[in-house]
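Sequences are here, hints too, so could you generate the full structure?
For the sequence shown, the residue numbers in the UniProt record's numbering are 1 to 172.
The set of hints was computed from the structure by calculation and includes no laboratory data. Since no wrong hints were added, every one of them can be taken at face value.
Pairwise CB distance ranges, derived in the manner of DEER restraints: (1) Ser164 to Gln32: 18 to 26 angstroms; (2) Thr146 to Leu17: 41 to 49 angstroms; (3) Pro126 to Gly18: 49 to 57 angstroms.
For each residue, glycine too, the CB sits at the ideal point set by N, CA and C.
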Amino acid sequence: NQSTTSTRVQCDFCGLLGHTQDKCHRYIASRQQAVEGAKNRYKRGNKAQAGSSNSQNTSQQPKSSPNNANSSTVVTESAGNASLRSIHPSDPHCLLQLDADIDWNADTGATSHMTPHRHWMHHYTPYCVPIKLADHTVVYSAGVGTVVFNPVMNGKVARAVEFSRVLHVPDL
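Set out below in C-alpha cells:
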C-alpha cells in the first residue's frame with residue numbers, strides 16, 4: 001500500500017513523517033529565503049563598492065609581513081581548521097548544510113563576515129557602517145576588503161577560500 005509507505009518516510013530536514021526533503025515545504029522555503037538573502041547581500045555589496053569607488057585603496061603591508069623586506073620577524077597566525085561539503089553555490093545543500101568541525105562555525109546566514117584583524121585583509125577600502133551585536137551594543141566598521149583563508153585539514157593545506165566584502169571591525 002503506497003499511502004502506508006509514504007507515512008513511514010521521514011523528512012531529513014524538518015523531521016515530519018510523510019515526505020522527503022526534496023518535497024519538504026519548509027526546506028524549499030528556507031532555500032528560497034537563503035538565495036534571496038544572498039542576492040540582496042550581493043547587491044548591497046556592489047552598491048557599497050560603487051559608492052566607495054572614489055576612495056583611494058589604502059591597503060598597507062604590516063611591518064611584520066613576510067613581503068616586507070625590512071622585516072626582521074615574521075608573525076604567523078593560524079585561524080584553525082574548517083571543512084565544507086560543497087562550496088559551489090549551485091549545490092542544493094550548500095546554503096543549508098555546511099559541515100564544520102569543532103573549531104569553526106560556518107554561518108551562511110551572516111549579514112556580513114567580520115574580523116578585527118586588519119592585517120588579514122587585501123584590497124582594503126575605508127568603509128564605516130554601524131553594526132548591532134547580539135548583546136545589543138553597536139560597534140562600527142573601519143573598512144571592507146578581501147580575506148584569503150587557507151584551511152588545514154588533516155595536517156595538509158587545502159585549497160584557499162576567498163571571502164569578499166569582509167568588514168574590518170576593530171572592536172570585535
